[in-house]
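Novice: Model the full assembly from the supplied sequences, consistent with the hints where possible.
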Amino acid sequence: MKGTHLGEFQEIVMLSILILDEKAYGVTIQEDLETRMNRKTSRGALQTALTRLEEKGFITSAYGEPTAERGGRRKRYYQVSNKGLETLKEAKELRQDMWKLIPKLA
Amino acid sequence: MKHHEVPSFPHRLFRWFCKERMFEELEGDLEEKFLKNKENFGLRKARRTYNAEVLKMIRPTILKRSSSGPVYGVALLGNYSTVAFRTLSKNKLFSAINILGLAMSMAIGLLAIAFATEMYSYDTFHEKGDRIYRVTSLRKNINEAPNQYASASLVTAQRLHDFGGFEKIVPMFKGFYGDIRANDKIFQFQGLFVGSDFFDVFTFPLGYGNAASALSEPFSAVITEDFALKTFSKKDVVGETLVKNDITYTITGVARTPPKTSHIQFDILASIATLKSIPEYEYLDKWGTMWSTFTYVLMPENFDMDLVMKNLIQLESEENAKVDLFEISLGLESLGSIFPGDGKYNQLRTVMPVENVNRIIILALIVLFSACFNYTNLSLARSLKRAREVGIRKVVGASRFQLFGQFIFEAVLISLISLAVGYALFLVIKPEFLELDRYISRTTSLSLTPQIGLLFFGLAIAVGVLAGFLPSLIMTRFKPSSILKGIHKMRVGKGVGVREIMTGLQFAFSMGFAILVILSYKQYNFAMNFDLGFETSNILNVELHENDPDILKAAFEGIPEVQSASYSSFIASTGTTNSDDARLLGATDSINAYNLSIDPTYLETMGHELVAGSNFTSASSEEQIIVNEKFVTDFQLGSTSDAIGTRVHFYKKNRTIVGVVKNFHYGTIRNELDPFVFLAGKTNKPYFVNLKIQSSDMVRTMEKLDEAWSTVDQEHEFKAAFYTEQIAMAYSQLSSTLKTFGLLGIVAISISILGLLGMAVYTTESRIKELTIRKVLGATFSSMALLLSKNFIKIFIVASAVAIPMSYYLFKQTIVNTMEYAIEIGFWELASGSFLIILIALVTISSQTFKAAKTNPATNLRNE
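Each protein sequence line maps, in turn, to chains X and R.
Be aware that the first sequence starts at 1, since it is given in the numbering used here, and climbs by one per residue.
Be aware that the second sequence starts at 1, since it is given in the numbering used here, and climbs by one per residue.
Treat the hints as calculated values from the structure; they're not laboratory data.
Note that the structure is a prediction, hence the values are computed from the model and not measured.
Glycine included, C-beta positions come from ideal geometry on N, C-alpha and C.
Certain hints may be false.
What the hints assert, rightly or not - Dumping the calculated SDA-like pairs for lysine to any residue here, alpha-carbon to alpha-carbon at most 20 Å:
{"hint": "1", "chain 1": "R", "residue 1": "K19", "chain 2": "X", "residue 2": "G44"}
{"hint": "2", "chain 1": "R", "residue 1": "K33", "chain 2": "R", "residue 2": "H3"}
{"hint": "3", "chain 1": "R", "residue 1": "K56", "chain 2": "X", "residue 2": "D32"}
{"hint": "4", "chain 1": "R", "residue 1": "K36", "chain 2": "X", "residue 2": "R43"}
{"hint": "5", "chain 1": "X", "residue 1": "K40", "chain 2": "R", "residue 2": "K286"}
{"hint": "6", "chain 1": "R", "residue 1": "K385", "chain 2": "R", "residue 2": "T87"}
{"hint": "7", "chain 1": "R", "residue 1": "K286", "chain 2": "R", "residue 2": "T241"}
Said to hold, decoys possible - Pair ranges (Cβ atoms, derived):
{"hint": "8", "chain 1": "R", "residue 1": "D306", "chain 2": "X", "residue 2": "R39", "range": "56 to 64 Å"}
{"hint": "9", "chain 1": "X", "residue 1": "R39", "chain 2": "R", "residue 2": "K235", "range": "48 to 56 Å"}
{"hint": "10", "chain 1": "X", "residue 1": "L15", "chain 2": "R", "residue 2": "N40", "range": "20 to 28 Å"}
{"hint": "11", "chain 1": "X", "residue 1": "G57", "chain 2": "R", "residue 2": "I461", "range": "37 to 45 Å"}
{"hint": "12", "chain 1": "X", "residue 1": "R39", "chain 2": "R", "residue 2": "G453", "range": "35 to 43 Å"}
{"hint": "13", "chain 1": "R", "residue 1": "M528", "chain 2": "X", "residue 2": "R39", "range": "52 to 60 Å"}
{"hint": "14", "chain 1": "X", "residue 1": "G57", "chain 2": "R", "residue 2": "F17", "range": "24 to 32 Å"}
{"hint": "15", "chain 1": "X", "residue 1": "R39", "chain 2": "R", "residue 2": "D179", "range": "56 to 64 Å"}
{"hint": "16", "chain 1": "R", "residue 1": "G78", "chain 2": "X", "residue 2": "R39", "range": "31 to 39 Å"}
{"hint": "17", "chain 1": "X", "residue 1": "L15", "chain 2": "R", "residue 2": "K128", "range": "45 to 53 Å"}
{"hint": "18", "chain 1": "X", "residue 1": "L15", "chain 2": "R", "residue 2": "L77", "range": "54 to 62 Å"}
Specialist: Right, here's the structure in full:
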């Protein structure tokens, strides 16, 4: 189970975390995914992906300061680890290589 | 410390199932998202999204693991389900009986849940809902019992301003409906005249226009988005005009269409300031005119109820002092208690009485319990079969708690399977239920929301736990030592006879329902065949709309199948009545008399019998009246012919009696006979044309009538109904009672018979050897049947003894007491229901005995 395989949704989640940079936590990632992919994502589904990614060591997380808008509850910020970045790059290269090999693409 | 608007049950649920280390993060995220959604899409949508999000959190990553370690718990659950499925498939008959019974009752339970949730969600969307109140009127006419009305005069609303202490006062008048011209077309609409603060008090957001000023000027109107789309095919219609009765209203705002769960419904709202400019509405400005006007108030925060009530008493005593003949005392009811309501008259629109909601909940609970009893009963009876399993498990080291969990799990599993079947049944009976009576058809939609889905699921779990509780408790109490010594020495459920009580209750309910069905059916038949004293067969009543009755009559009379045609102000004997005080000229005492305005041919069309005097001279002879015999006796006018020529003050004028008709029932069987007066012609506006039809081809005749109609009126559709159908409509409450009891009766009887079948199968199975030996020794079939049904017969007799008086009392209270004419309830009306059930039950038991008696004794005795 805990191999280094990267699912499509997980890949997009990692990319989103990278884009959001410092501001990547549950709500922002969810909204980013929704606007970018133009489809409804539940927080529950996102949580599964985040947990898996963390288990594989692709992302790390840390609590932020408590904020009033959330009734004093802390946000958990996510960051992509070096290992995660490597895997992302590998995935990208693999795809690019494959794209290049398609003969009939004008 | 969740935000107070976050739905609390889902929130609690989430806290319960979420892993602790994830909870803070996820709860915070959900709440942040909720607040954002509330900002963008409104509270309702935000709450819905929140509920859905919580449901979607139910996944392995997020769910808490049980404390006994992840693997252990899951494995145990797996084992439970394996065992449960094995037990289920091993006893197919019993599983089927349980599932079928539970599913039937579950369908009723689901219905009750969906219904009650919808009823209690009415008017919950108003942001200031907790501070909105309605002023009600208790009106007492001299010599009459007082009545509670939801309405209050416009004077009340006006005078409240003098007292202060109210943040906002919104008067309303519901006399705004019918045809309206918009965009050069005619549309039917429902509307209200409302005070300018309407949008300040109620939450009906405006898409276009200014909420604060939209309804402050006369002749301004706000229409709903739906109605705007219907009339102008666009939403932004501010500045357009609407014309009703030559009065032009300018649209100043477009409101979101009121949700279905609002007791205030409208297509158009017009400013109440308009009324002041129209002389026709002057009559509303009286303390006594409180029939179709309403007063809603918005209270300030932390207001003093005692002070408000003192002000109301002050107001009413000042106003009552100015009038005689009646008194009105004012009251306040909160928005929350309007719907479902306590049965006040003159509601804004149909309000579900709270006792109807409660009745449905209680009936559903009865059926649900009945089905739970089946499960409990059968499991208890068969518990010894599983004693060995319990013994072994205990010896191997299972704790009592774990075993309990296992048995409850089985019950819940059965209940969940039943939920699936029950849901299908629910979908089948839903349309029937929505047609049940006029309250339901006008206020209920039974649309499913995630919240209701959760409740359904909760119901299934609760039913499972409830049904499985007692057997689980008893089965887990078995001691391994006594089990291993030998099962035959053990006894289960000794003493009180829990099983007997449960079976008895089940049958008492079944019999009760059966008796009620029979009684309601008889009463309904009685009402339908009641001799009204005039002819109603072959009479077709046609709605006039705004047409001239004489022109329409002439058009219909040209058709050969129409034997006679007349018109009347309403249809008698269908529940509508109209009355006024009648007084002999020169006398002071007045008597309340009912009346109907008719044209001279009416008496002939309906076959009324004139016992003295003559018919009206013409439709325009409005100074003439025709009275019934009761009128003559109540006024002590002597013989019916003496009464002719008597001068009576009635309906604002002096009139002369020209004829006397035989007594007839102008009301329903709920009313007794009172003095009655026929008024001539158009004294009251005619609303119906009555046609006596003689036709062998009704379809063709209707076509001809429709054609004749369209020569007079092209705008409205031809709407006609047979008199007998209209009478049936008047008794729709009886027929809906009949349907309710009928459906519940079928469910309750099926459940108890299923349970009985299960018990009979079990008893016969466990006594098969005994029965076979008896047979070999020469026992007859009847003696064996008696042996097996002896215990049940005792239960049936006790059940009948409980059910008969209970259902008799219930029928008397709810139906007979509201009727002036009702059926005689004799021995057979009551006992036949019980006998029927006992008969079915005995047949069920005998069928099992028969099976045992038929088998070759050798087959049963071969092994041992």
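Novice: It remains to establish, for every hint, whether it holds in the given structure.
Specialist: Here's how the hints hold up against the structure:
| no. | hint | result |
| --- | --- | --- |
| 1 | R/K19 <-> X/G44 | holds (12 Å) |
| 2 | R/K33 <-> R/H3 | holds (12 Å) |
| 3 | R/K56 <-> X/D32 | holds (19 Å) |
| 4 | R/K36 <-> X/R43 | holds (14 Å) |
| 5 | X/K40 <-> R/K286 | violated (58 Å) |
| 6 | R/K385 <-> R/T87 | holds (11 Å) |
| 7 | R/K286 <-> R/T241 | violated (31 Å) |
| 8 | R/D306 <-> X/R39: 56 to 64 Å | holds (57 Å) |
| 9 | X/R39 <-> R/K235: 48 to 56 Å | violated (28 Å) |
| 10 | X/L15 <-> R/N40: 20 to 28 Å | holds (26 Å) |
| 11 | X/G57 <-> R/I461: 37 to 45 Å | holds (39 Å) |
| 12 | X/R39 <-> R/G453: 35 to 43 Å | violated (23 Å) |
| 13 | R/M528 <-> X/R39: 52 to 60 Å | holds (59 Å) |
| 14 | X/G57 <-> R/F17: 24 to 32 Å | holds (27 Å) |
| 15 | X/R39 <-> R/D179: 56 to 64 Å | violated (47 Å) |
| 16 | R/G78 <-> X/R39: 31 to 39 Å | holds (35 Å) |
| 17 | X/L15 <-> R/K128: 45 to 53 Å | holds (46 Å) |
| 18 | X/L15 <-> R/L77: 54 to 62 Å | violated (38 Å) |
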